[in-house]
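Letter by letter, the chains look like this.
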Amino acid sequence: MKDEKTRSLVDQKSSNVVTQGVSRRQVLRGMVTSGLVAAGSGVLVPGSSMAFADTMKGTRGGKIKVASQSGSTADTLDPAKGSGSTDYTRQYMFYNGLTMLDESLAPKMILAESFDTQDAQNWVIKLRKGITFHDGNPFTSADVVYSLNRHKDPKTSSKVASVAAQMVDVKAKGTHEVHISLATKNADLPAILAVSHFLIVRDGTTDFSKANGTGPFICKEFQPGIRSVGTRNPDYWKKGLPYLDEIELFSIPDEPARVNALLSGDVHLINSVNPRSMTSLIASPLARVIQSDSGGYTNLVMRDQLGPVQNPDFVLGMKSLLNREQILNIACRGFGTIANDQPIPKGHRYYASGLPQREYDPEKAKYHFKKAGVLGQSIPLVASSAADNSVEMAQLVQLSGQQIGLKLDIKRVPADGYWSNHWMKDSLGFSNINPRPTADLIFSLFYQSNANWNESGWQNKQFDELLIAARGEMNEGKRKQMYVDMQALVHDYCGIGIPTFSSINDACSSKLGGYKAHPLGGFMGYMFAEQVWLEV
Amino acid sequence: MNQTISRLIMNRIGLGLLTLWIVSLVIFMITNLLPGDAAQELLGQSATPETLAALRTQLGLDLPIYTRYVQWLGGLLVGDAGYSMVNGMSIMELIWSRLPNTLILAAFATIVSVPVALSIGIFSAMYRGSWFDRYSNMLAVFAVSVPEFLIATIAVLIFAVKLGWFSALSHIESAHTFGEMLTVFAMPVLTLCSVLVAQMARMTRAAVIDQLSSPYVEMALLKGASPIRIVLRHVFPNALGPIANAIALSLSYLLGGVIIVESIFNYPGIATLMLNAVSTRDMPLVQGCAMLFCFGYLILVLIADICEIASNPRLRT
Numbered sequence: 001m002k003d004e005k006t007r008s009l010v011d012q013k014s015s016n017v018v019t020q021g022v023s024r025r026q027v028l029r030g031m032v033t034s035g036l037v038a039a040g041s042g043v044l045v046p047g048s049s050m051a052f053a054d055t056m057k058g059t060r061g062g063k064i065k066v067a068s069q070s071g072s073t074a075d076t077l078d079p080a081k082g083s084g085s086t087d088y089t090r091q092y093m094f095y096n097g098l099t100m101l102d103e104s105l106a107p108k109m110i111l112a113e114s115f116d117t118q119d120a121q122n123w124v125i126k127l128r129k130g131i132t133f134h135d136g137n138p139f140t141s142a143d144v145v146y147s148l149n150r151h152k153d154p155k156t157s158s159k160v161a162s163v164a165a166q167m168v169d170v171k172a173k174g175t176h177e178v179h180i181s182l183a184t185k186n187a188d189l190p191a192i193l194a195v196s197h198f199l200i201v202r203d204g205t206t207d208f209s210k211a212n213g214t215g216p217f218i219c220k221e222f223q224p225g226i227r228s229v230g231t232r233n234p235d236y237w238k239k240g241l242p243y244l245d246e247i248e249l250f251s252i253p254d255e256p257a258r259v260n261a262l263l264s265g266d267v268h269l270i271n272s273v274n275p276r277s278m279t280s281l282i283a284s285p286l287a288r289v290i291q292s293d294s295g296g297y298t299n300l301v302m303r304d305q306l307g308p309v310q311n312p313d314f315v316l317g318m319k320s321l322l323n324r325e326q327i328l329n330i331a332c333r334g335f336g337t338i339a340n341d342q343p344i345p346k347g348h349r350y351y352a353s354g355l356p357q358r359e360y361d362p363e364k365a366k367y368h369f370k371k372a373g374v375l376g377q378s379i380p381l382v383a384s385s386a387a388d389n390s391v392e393m394a395q396l397v398q399l400s401g402q403q404i405g406l407k408l409d410i411k412r413v414p415a416d417g418y419w420s421n422h423w424m425k426d427s428l429g430f431s432n433i434n435p436r437p438t439a440d441l442i443f444s445l446f447y448q449s450n451a452n453w454n455e456s457g458w459q460n461k462q463f464d465e466l467l468i469a470a471r472g473e474m475n476e477g478k479r480k481q482m483y484v485d486m487q488a489l490v491h492d493y494c495g496i497g498i499p500t501f502s503s504i505n506d507a508c509s510s511k512l513g514g515y516k517a518h519p520l521g522g523f524m525g526y527m528f529a530e531q532v533w534l535e536v
Numbered sequence: 001m002n003q004t005i006s007r008l009i010m011n012r013i014g015l016g017l018l019t020l021w022i023v024s025l026v027i028f029m030i031t032n033l034l035p036g037d038a039a040q041e042l043l044g045q046s047a048t049p050e051t052l053a054a055l056r057t058q059l060g061l062d063l064p065i066y067t068r069y070v071q072w073l074g075g076l077l078v079g080d081a082g083y084s085m086v087n088g089m090s091i092m093e094l095i096w097s098r099l100p101n102t103l104i105l106a107a108f109a110t111i112v113s114v115p116v117a118l119s120i121g122i123f124s125a126m127y128r129g130s131w132f133d134r135y136s137n138m139l140a141v142f143a144v145s146v147p148e149f150l151i152a153t154i155a156v157l158i159f160a161v162k163l164g165w166f167s168a169l170s171h172i173e174s175a176h177t178f179g180e181m182l183t184v185f186a187m188p189v190l191t192l193c194s195v196l197v198a199q200m201a202r203m204t205r206a207a208v209i210d211q212l213s214s215p216y217v218e219m220a221l222l223k224g225a226s227p228i229r230i231v232l233r234h235v236f237p238n239a240l241g242p243i244a245n246a247i248a249l250s251l252s253y254l255l256g257g258v259i260i261v262e263s264i265f266n267y268p269g270i271a272t273l274m275l276n277a278v279s280t281r282d283m284p285l286v287q288g289c290a291m292l293f294c295f296g297y298l299i300l301v302l303i304a305d306i307c308e309i310a311s312n313p314r315l316r317t
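These protein sequences, in sequence, are chains A and B. Each residue of the first sequence is one higher than the last, beginning at 1 in full-length UniProt numbering. Each residue of the second sequence is one higher than the last, beginning at 1 in full-length UniProt numbering.
Careful: at least some of the hints might be erroneous.
Partner residues aside, some chain A positions facing chain B, computed with beta carbon under 10 Å [stated by the list, open to error]:
# : residue
1 : Q69
2 : S70
3 : A183
4 : G204
5 : T205
6 : D266
If you are wondering where the hints come from, they were derived from the structure by calculation, not from laboratory data. No experiment lies behind these values; they were computed from the predicted model shown. Using N, Cα and C, we set each Cβ at its ideal position, and we do this for glycine too.
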């Protein structure tokens with residue numbers, strides 16, 4: 001991921017000399033990257049986050065204040081109920097998971113020592129020994145069994161109840177071993193258990209007014225909708241971590257207020273920065289900007305009579321009509337990366353690098369539209385501010401269409417109610433997908449023939465078979481090949497046009513060390529707490 | 001106090017209670033019209049029909065609307081506004097954890113704005129047409145017409161980001177000494193006051209001018225009373241009714257209208273609590289806050305009415 005980023009920067013610079021000169025995006029990017037390097041945060045140091053923690057020693061001590069984008073009285077310390085960046089971040093401060101996802105979204109062991117399986121269906125998890133909860137109790141297999149099983153209880157109202165349902169049997173064997181049997185094969189179990197909802201709580205916990213976890217910080221104060229304060233866990237099992245003595249986390253929902261709080265030095269770290277605020281943040285000596293390329297995207301959805309089942313030529317035409325450079329620079333204000341009509345981003349461990357990049361080709365598009373017989377007709381295109389940047393994208397596509405005689409009639413609809421009234425109902429419209437932790441999850445939620453959110457109503461038997469097979473495949477090489485094949489199928493035939501991947505923008509005080517980009521989400525994938533330090 | 005006055009006051013209180021009841025009905029009906037419910041909002045994209053139904057039963061959302069209204073109103077009468085659907089805390093507890101913050105902010109704003117507004121209003125009335133009157137008028141119109149989010153944002157940009165004098169956030173927890181209190185409250189109070197002072201000063205000015213043109217002022221003038229004496233001894237008591245009304249109307253804005261100020265300065269007050277409640281569809285909390293705002297408003301208007309009745313010389317015999 002990190003290497004990719006540096007390389008892409010170089011590529012862009014060299015290609016710019018030939019093409020259109022340096023765009024705003026490249027300037028910002030260059031500054032962002034050089035800012036990171038200058039701050040010594042180790043953006044060019046390869047290796048996992050654990051190795052990073054060992055090699056780059058930060059400064060011990062200090063308190064920081066962190067402002068996130070959302071927060072309300074619904075804030076919770078119950079990992080099963082967490083929603084949004086503030087909850088996830090808070091929970092990673094106080095709890096640990098069995099695993100975590102690194103910058104290439106591959107699972108790393110945390111509370112688990114190993115995940116073993118012969119068939120991807122029956123799993124043996126060995127747990128790390130010598131770890132204690134904040135209340136002094138030792139961490140054992142009973143805690144894991146309780147934490148995982150509570151998701152299946154409807155009374156928990158867990159956000160991942162449907163994911164947990166596949167764990168048909170979770171039982172302890174001895175004090176530090178857990179056996180899990182799945183309903184069907186799933187080689188992704190270690191990655192699935194890395195999401196914040198599966199963080200481990202103490203056996204029998206029902207009261208979540210205080211957190212009792214094994215995490216790097218101890219919950220000192222928790223007031224929903226106001227703030228949470230964590231103090232350093234002196235007995236944390238990861239040596240030397242965390243660096244900070246105290247973290248105060250609260251939300252400032254108003255974006256300009258959040259940026260101003262950072263600029264005035266009142267907070268040390270903010271997330272969800274609007275590209276419009278980037279220039280003032282970059283200009284300030286107090287702050288630096290961290291841009292993470294993510295797997296989130298805004299996509300063009302083609303379905304029904306315009307979709308892949310009834311009209312594959314229209315789909316191919318629209319995909320060739322997407323001027324990706326232009327969409328990235330104008331609609332997304334330069335924040336994002338170019339995509340290739342398939343949902344796995346560059347830097348992901350299963351990214352299909354060999355797939356030819358689809359280019360803007362109006363002649364090819366015209367050929368396909370002619371074949372589909374849609375030239376001269378007026379086709380409604382629904383866009384809304386509910387799907388980020390989709391209104392601007394629609395206008396750009398409309399302009400490209402005009403040049404080859406395709407009439408797109410933009411229908412702009414309100415954001416309120418968009419997801420229930422328009423999403424997956426219009427023949428031609430836009431959608432907005434957040435980053436997901438695994439390739440399997442993206443494909444099974446949005447591309448499988450019988451998926452609830454199969455946005456374009458795509459049906460492909462070969463794809464479905466590959467998806468099931470990949471889920472149970474234990475050989476990493478074969479597994480990757482299957483995901484590459486699935487990406488090729490989506491790229492070629494699915495009624496989804498993905499012009500760009502979006503980027504996640506955080507900003508932090510220039511005094512904050514150790515802060516890195518993470519493709520899963522802001523705040524270093526919500527896990528910054530144990531990794532950052534305050535420079536003196 | 002004679003009978004007429006007490007009868008009038010009782011009338012006002014009765015009307016207030018009736019209004020409160022109608023408001024409770026309206027609030028309950030309207031909040032039930034909002035699309036989606038707490039169960040859906042809590043579960044979000046991961047909602048399945050089973051978890052939804054379980055959560056609805058748990059929250060009591062499956063009962064018919066009139067049963068829920070009667071239960072809710074009965075609870076309110078004994079000081080129990082129910083429990084938050086989102087985190088299960090008592091509504092009263094939630095409100096009490098935030099209300100003092102808003103009241104402190106409102107108190108600061110009142111302490112600063114009322115004397116300033118009254119002096120400006122009275123002075124500009126006394127010296128009508130002078131440069132002071134004209135400039136204060138112009139400023140007042142300007143302050144009233146500029147939305148407070150703009151005033152607040154510009155204040156933050158200048159005083160917090162550029163100059164670094166004050167904090168961009170208003171963190172009441174970090175204020176322990178009086179000096180810290182001042183820095184915490186300086187900008188929110190400044191923002192609130194710019195609108196409040198302008199409104200109150202203009203209404204005070206109008207009320208005082210109205211009285212200044214009456215015959216008894218002319219008489220006092222002919223008798224040789226000094227301008228200060230005329231205004232303070234003769235005009236002010238007579239203008240008290242309209243002025244009290246003006247103050248009450250402006251201050252009632254402090255209860256509900258501080259939403260923008262609270263959200264820009266990230267102040268943990270009652271307005272942000274209600275804002276949260278709306279976005280999470282936490283109906284009992286929305287209803288509780290709305291009733292509280294309405295109650296506060298009615299109290300202020302009632303006080304203004306009583307002042308007006310009490311200061312009316314025709315009723316004082």
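Going down the list of hints, with the structure as the test:
1. Q69: Interface hint status for Q69 of chain A: violated (12 Å vs cutoff 10 Å).
2. S70: holds, 9 Å
3. A183: violated, 16 Å
4. G204: Interface hint status for G204 of chain A: violated (19 Å vs cutoff 10 Å).
5. T205: violated, 15 Å
6. D266: holds, 5 Å
The structure does not agree with the numbered hints 1, 3, 4, 5 stated previously, though it agrees with the rest.
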